[in-house]
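K.L.:
Here is what each chain is made of, one letter per residue.
Number of protein chains: 4
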Amino acid sequence: MMKGAYLPGNSTTVLREVPVPEPGQGEVLLRMKASTICGSDIRCIYHEHLGKGPEGYQDVIAGHEPCGQIVKTGPGCRRFTARDRVIVYHISGCGVCNDCRRGYMISCTSTGYRRAYGWQRDGGMADFLLAEEKDLIHLPDDLTYADGAQVACGFGTVYEGLEKIGINGNHAVLITGLGPVGLATGALCRKLGASLIIGIDIVPERMQLARDLGLCDEVLASGPSNVEDVRRLTGGRGVERAVDCSANDAARATAIRATRKWGRIVFLGEGGRVEFNPSPDIIHDQKTIYGSWVTSTWLMEELVERLVRWNLHPADLVTHRFALDRAADAYTLMASGKCGKVAVCFDEEL
Amino acid sequence: MMKGAYLPGNSTTVLREVPVPEPGQGEVLLRMKASTICGSDIRCIYHEHLGKGPEGYQDVIAGHEPCGQIVKTGPGCRRFTARDRVIVYHISGCGVCNDCRRGYMISCTSTGYRRAYGWQRDGGMADFLLAEEKDLIHLPDDLTYADGAQVACGFGTVYEGLEKIGINGNHAVLITGLGPVGLATGALCRKLGASLIIGIDIVPERMQLARDLGLCDEVLASGPSNVEDVRRLTGGRGVERAVDCSANDAARATAIRATRKWGRIVFLGEGGRVEFNPSPDIIHDQKTIYGSWVTSTWLMEELVERLVRWNLHPADLVTHRFALDRAADAYTLMASGKCGKVAVCFDEEL
Amino acid sequence: MMKGAYLPGNSTTVLREVPVPEPGQGEVLLRMKASTICGSDIRCIYHEHLGKGPEGYQDVIAGHEPCGQIVKTGPGCRRFTARDRVIVYHISGCGVCNDCRRGYMISCTSTGYRRAYGWQRDGGMADFLLAEEKDLIHLPDDLTYADGAQVACGFGTVYEGLEKIGINGNHAVLITGLGPVGLATGALCRKLGASLIIGIDIVPERMQLARDLGLCDEVLASGPSNVEDVRRLTGGRGVERAVDCSANDAARATAIRATRKWGRIVFLGEGGRVEFNPSPDIIHDQKTIYGSWVTSTWLMEELVERLVRWNLHPADLVTHRFALDRAADAYTLMASGKCGKVAVCFDEEL
Amino acid sequence: MMKGAYLPGNSTTVLREVPVPEPGQGEVLLRMKASTICGSDIRCIYHEHLGKGPEGYQDVIAGHEPCGQIVKTGPGCRRFTARDRVIVYHISGCGVCNDCRRGYMISCTSTGYRRAYGWQRDGGMADFLLAEEKDLIHLPDDLTYADGAQVACGFGTVYEGLEKIGINGNHAVLITGLGPVGLATGALCRKLGASLIIGIDIVPERMQLARDLGLCDEVLASGPSNVEDVRRLTGGRGVERAVDCSANDAARATAIRATRKWGRIVFLGEGGRVEFNPSPDIIHDQKTIYGSWVTSTWLMEELVERLVRWNLHPADLVTHRFALDRAADAYTLMASGKCGKVAVCFDEEL
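Each protein sequence line maps, in turn, to chains A, C, X and B. If you read the first sequence in the numbering used here, its first letter stands for residue 1, the second for the next number, and so on. If you read the second sequence in the numbering used here, its first letter stands for residue 1, the second for the next number, and so on. If you read the third sequence in the numbering used here, its first letter stands for residue 1, the second for the next number, and so on. If you read the fourth sequence in the numbering used here, its first letter stands for residue 1, the second for the next number, and so on.
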C-alpha cells in the first residue's frame, strides 16, 4: 500500500491509503521524488472543482508536475528501464491522434484516452506513480528531481511560448505577472540572451523574489503608468517582446501597449479576457500576438538538454518543500500566494 | 490653372481652381488618370475632419489613391522619366528615417516631412499631381491606371497582411467585411491559391457583389451563428486563415473564433476595439493574431509584378467612375455604401 | 499462407509462400490493396543490395509504399479498427526517441527498433501486411488505395519539402528531374497555387508525361542553356522556388542558378554530389538551400486532408498496375524507366 | 586641398593631393575620423585590380569602411546636419530601385548610379569624404568613430547573416575562419546569447587573438578531424548554427558537416567554391544553407542601437592604427595577415 493526496474541494487535502499499482503494457512504475504544485491546481481544483465532465478533476491522486525514478517497467517498453530518472509530461494522450503525433498531447483529441496526471488519472502526490512510457522525459544526472518537476508543466510551457516569439540578445522583454510561470520566464529569457528583463506584479513578496533571484533587471508595481514606465526603461521604444503570465485583462493590455513597433507578445496566463484597440495597439505598430499552450514532448526534451548546457536549475524557484504527510500544508501555503514554488518531496529531495 | 477637389467637411465636396505645380528637386508632375476613394476618406474627412494636428486633413486637394502619367520631372530624378505610367504610394515620408528605409513610409517618424497625399499634401483629385520620385511605383502596360489607383492603398494594404500570415492552397480563408478591402482580399487570396474563401458582411449589396465577382466561394450574412457556420463549411475544423476587414468588434471575435488550431488571423480594418477570452480563443488552439498596416514601397512593387503575372485587374472592383467635375457625386455615392469602389477618372480611363 | 515478393538482387524478383502474420500488441494486420515501387527500391535493392548493416535490405518482403485495409487488430490499439482504410508511413520507428516524437520516424535514432517496411521488416508486396498502429495514416473514402500508396513515401516527401520552402501564387517553380517525385512536385505545386511550373528532364517519355498530365507549364530538355532558358521564361528574373528531384550534380547547380534573388531551393533527390560557387550562386542573391528528408506522420495526415480538399488523386501518376503474381514484371518495368509510377495492386484496385 | 590614398595595384599605395569636394543636393561633407581596411580591399584591389568594368576599382580614393563627422550639408538634406557623427553604408545605390527600397543598396540594380565608396567613388582614406545623406547611419555618442568604421561593412555583414539564421542561447555556434569577419561573428554571437562558440582557423596569430579577446570558447586548428572535434565539444551532436567566414571549400564543408540535425549554416566568406554530398550532408539531417550578402541600411541602424545596448565596441578588434600619411604601411600590414583589423585614423581617433 502507499499514500496519496486527494483534493476533495473546499480548500482541503486528504491523504488516503491505496494499493501500489502494477505497470501494464507500455507502462512504468515510478518512485516519486518531487511533485510541485501548479497555480491551476489551486484555481481549478483545490478551492472548488471548476472543470466539468472529462476536463474536470476526477477524484484522483493530485499532482500534475511529477518527477521520479523508474522502479519497474511493464512489457513493451522500448526506451526507458528501471533506475532511469524521469520527468512526466503532464497529460497522457492517446499517442496516435494528430495532436499527439505532433507531440502536443495537451490537446489530444481522443476523448477516450486523454487524461491529465493529477486530474483524470493518478498524479504525483503519492509514493508511487503509474505512467505511460510515451509520457516520459529523461532527466539527466545534472538535474535534480525538483528541477524535473518544474519542467513537467511550468518551464515547458514557458519555453514553448518563448520559442514561438523568439528571444535573443536583441530583445528587451516584459513579463506581466511574477508568479512561478513569470519567474520561469525570467530565468529562461536570461539564458536565451535577453538584454533586459522587466517584470510587473502586484504582490510585494513576488516582486522581491524576482529581484532576489536576479530574474528581472527591473521590477515595477502594477499600475496605470506601466506602459510609460516600460518605455522610459527602454529608451522610449518599448520592449521587443512581452510575455503575459498574469491572465489579467489590464496586464495583458499593458503587455501589448508596452511592446515596440514590429514586436511580439505571447499570452501564457490562463483565464480571463482581454480588450484593446487594434489600430493603435497592434495595427499601426505591426505587432503580433501569440497564444501558446503547454508544449510538446520533443520540445520538453530539448529544454532539458538546454538546462544542462546552461547550468540552469528550475528548482531554484522552489521556496518550500514538504513531505507527503504534510501535503495539506503545501497546498495551504501555495493557496496563500506568499511563496515561490511549493513542492512535495521524497527521499533525497526532501 | 487646374481644378482640384477639396473636402471641407459636413459631407461636402468643393472644386477650386489652383495653379499647376512645378516639379522641384526629386519631384515629378503627373497628369492624373485615376483616383479612387478610400473608406478612410469618408470616415475621417468627408463627414467631418476627425484627425487632429499633423495627422489631420490639412485642407489640401483630396485623394490618396492616385495613378497617372509623368509629364515633367524635376532635377535629380534617377529612375522615372516623362511618359512613365506610375502609381503613387500614398504617404510621402522623409525617406531617410528607419521606417522609410524599410520602405514603410506609412510610419515615417519624421514629423517635419511625413505627409499623406490627399491629407497633408495635395492628392489625386485634380488634373495634375506633384509627387516625389521616391513615392512612385512603375505601372506596367498590362495594367490600367484604374488598376494602379487600387494598388496605391487598398490592394497594397491587403497584400502586406496576406504576406504576413501566408496564404496558399493549404488554406481556407475567412474574410470579415466585404467592402473594397474585403473584396481585394478575396481577389488576392484566389490568386495566391486559397482553396476556399468565405466572406461575411451585413450589407446585401456587398454580399451580392462578392458573389457576382466570384471573389468568395461562400458568403454569409453577419450573425451570431457565423462561427458555427464557418466550421460547418470547413468540415468542422474552421479556417486556417482569417482576415478582418470590418473593424467591427463582433466580426473580429468571429475571425478569431472561426480559425482552426494553429491558425493565423490578421487585422486590417481600422478603428474600433476587440474583446476576447484568450484561453479558449487563442491559447488552447495555439493561434496567432497579426496587426498589419499598409505596406512598403518595395512590396507594392512586388504586388504589381504579381498582378501582371496573374492577369488580375484590381479595377474590376470599381463599380462607378466619374469625371473630376462630378467629384461631389463620387463622394456622395461612396458615402452611401451602395457601391463597390468609386473612382474619379481622366482621359482614356473615364 | 500468403504470397510475398522478395528482391534477392541481380535484378530479380522472387515470390515465396509465407504464413499470414498475427497482429500483436499495438499491431494491425492489413489486407494489401496497393503497393507502389519507389526509385530507391530499384537503385538500392533490386539491382544489388547497396545498403549495409541495419540500413540495408534484410531479405524481407519488399514494398515500402503500402496501402490497405485493416482486417484484424492486436490488443492495445487506440485509434484504428478493422475495416479502416489506411496508408502505412514507410518507416516504423521506436516511437519514443526525440525524432519519433516529432513524427519523423524516418530518422528514428533507436537502432534496435527502426525498421523500414520492405527493407528491414516485411513490406507491402504481399497479400497481407503486419504494421504498427502508430505507423498508420487514415485513408479517407474520397481517395483510392493507389492514391494512398503514393502518399506513403513520394507525395509525403514532396509535401514536406514544399512546406519547408513555402509555395503559393507568388512563385514560379522549377523542378529538376521529372520522375515520380518530380511529377508529384508538379501536382502539389499546382494545388498550392504556383503561378508557373517549369520542369527539366533528360528522358523524352518523362517530359511527355509531364506535359500530358498538365503538371508542368513548360518542359525543357536538360542541357547547358537551362539557366538561361528558365530566366527567359520568367521575364529574366529566374524562379522564386526550385525543387531538385534529380540527384544530378549539374541539375542541382541549375536549380540553384536559375533561382531568383531571395529565392529558395530544396533538395529532395537522393545520392550524388553538388558543387557551386557560393558568391555568385547564393551569397550575392541572398538565396537559401534546404535539405529535406521524407516527412512526419502528422504532416502526412495533413497532406491526406488536403488531397481530399483539392480533389487531387496521386494515383493519376500510376501508369501501370500488376497483380502480385506479376511483381517481377512490375520491377522490370520500373527499372527500365519507361513508365510513370508502377503499382502492384489487389482486389478492387487491380 | 586634402590628401587621399589610392591603390594603383601591384601592392602599392599612393597619396595624392586633391581638392576638398563640395556637397551638392542631398550630399554631406564628412571630416574623416576612422577608415578601416577590409579583406576585399587587399584581395581585389591592393594586389591587383580583379574586378572589371562597373564592378572594378575606378582609381578613386580607397576605403569603403568610413566613419566621420559632418562638416557641411548640401541642400535638401532632411535628417542629418553639421556636427552629426555618422557611419557611411559602403555602397551608394540609386535609392529608388527595388533593392535600394528594401535598404539593400549593395545590390542596387541601377548601373548608372550604384557606386561603392572606395571602389567607384571616393572612399574614406582621405581627410574629407563626400557622401549622400541616404547612405548615412547615425553614430551614437556611446560609440567611437573606429567602432563605426567597423560597422560600415564587416559587422553589418555579420549581423545580417546572424539574423538570417537566428542566434540565441539555444545555440552552439561554429565559426570557420577567424579573420576580422570571423572575430566579429564571435563578438556578435556572444551578445546575441550563443551558449558555446567554437572557432577554426589555420593562422596561429588569429587563433590566439580569438582566444585573447574571449570571442571563442574553443579554438581549433584547421584540419581533417574538425568535424569530429566539433561533435566531441558538443556532446556528439554538432553545433546548431555554423557561419563560414573563410571562403575555403574544405572549411565550408566542415561547417555543413559539423552542424546538427535541423541546423542552419550561413555563408559569408566571399569567393571560391563548395562541394558536398547532399544526402548525408543536408538532406538526411534536414539542414539549411543560407547565402547572405552585406545588409540593409535599416538593419545596420538596428545593429548600432544594439551595440550601445550591449556596450559592445567593434573597435576592440582593431589591433593597429595609422595616420593617413602612413596609409601605405597600413595596407602592407593588412596584406600580411599578421594583425586583427587595421585602421587609418584621424584627430581624436589616432
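Please keep in mind that the hints were generated in silico from the structure rather than gathered at the bench. Here the structure is a predicted model, which means the values were calculated and not measured. It is possible that part of the hints are untrue.
It does not matter which identical chain is meant; a pair holds if it fits inside one copy or across any two.
As the list claims (entries may be wrong) - Below, a list of computed lysine-lysine pairs in the DSS-like style, where the Cα atoms sit at most 27 Å apart:
| id | residue 1 | residue 2 |
| --- | --- | --- |
| 1 | K3 | K261 |
| 2 | K3 | K72 |
| 3 | K338 | K72 |
| 4 | K52 | K261 |
| 5 | K261 | K338 |
| 6 | K338 | K164 |
| 7 | K261 | K164 |
| 8 | K164 | K72 |
| 9 | K3 | K164 |
| 10 | K191 | K3 |
| 11 | K52 | K164 |
| 12 | K261 | K72 |
| 13 | K72 | K191 |
| 14 | K52 | K72 |
| 15 | K52 | K191 |
| 16 | K261 | K191 |
K.L.:
Are the CA atoms of K338 and K164 at most 27 Å apart within a copy, between copies, both, or neither?
P.N.:
neither (31 Å within a copy, 43 Å between copies)
K.L.:
Between copies, within a copy, both or neither: which fits K261 and K191 at Cα up to 27 Å?
P.N.:
both (24 Å within a copy, 22 Å between copies)
K.L.:
How would you label the pair K72, K191 (within, between, both, or neither) given a Cα cut-off of 27 Å?
P.N.:
neither (36 Å within a copy, 46 Å between copies)
K.L.:
Measure nothing new, just compare the shortest in-copy and cross-copy C-alpha distances for K52 and K164 to 27 Å and report within, between, both or neither.
P.N.:
neither (30 Å within a copy, 38 Å between copies)
K.L.:
With identical chains, the pair K164 and K72 could be close in the same copy or across copies; at 27 Å between alpha carbons, which is it: within, between, both, or neither?
P.N.:
Neither way: K164 and K72 sit 37 Å apart in one copy and 42 Å across, limit 27 Å.
K.L.:
Given a CA cutoff of 27 Å, do K52 and K72 count as a within-copy pair, a between-copy pair, both, or neither?
P.N.:
This pair counts as neither: shortest intra-copy Cα distance 34 Å, inter-copy 36 Å.
K.L.:
When no copy is named, should K52 and K261 be tagged within, between, both, or neither for a Cα gap of at most 27 Å?
P.N.:
Answer is between: at 22 Å across copies they meet the 27 Å cutoff, but 41 Å inside does not.
K.L.:
What label fits K3 with K72 when the C-alpha limit is 27 Å: within, between, both, or neither?
P.N.:
Only inside one copy: K3 and K72 sit 18 Å apart there, 41 Å across copies, limit 27 Å.
K.L.:
Tell me, please, which holds for K261 and K338 at an alpha-carbon limit of 27 Å: within, between, both or neither?
P.N.:
neither (36 Å within a copy, 36 Å between copies)
K.L.:
Check K3 against K261 for me: Cα-Cα at most 27 Å, and say if that holds within a copy, between copies, both or neither.
P.N.:
neither (54 Å within a copy, 40 Å between copies)
K.L.:
Evaluate K261 and K164 at a C-alpha cut-off of 27 Å and name the case that applies: within, between, both or neither.
P.N.:
Intra 18 Å, inter 15 Å, cutoff 27 Å: intra and inter.
K.L.:
One pair to classify: K261 and K72, alpha carbons no more than 27 Å apart. Within, between, both, or neither?
P.N.:
Close neither inside one copy (54 Å) nor across copies (33 Å); limit 27 Å.
Consistency note: the structure conflicts with the earlier hints numbered 1, 3, 5, 6, 8, 9, 10, 11, 12, 13, 14, 15.
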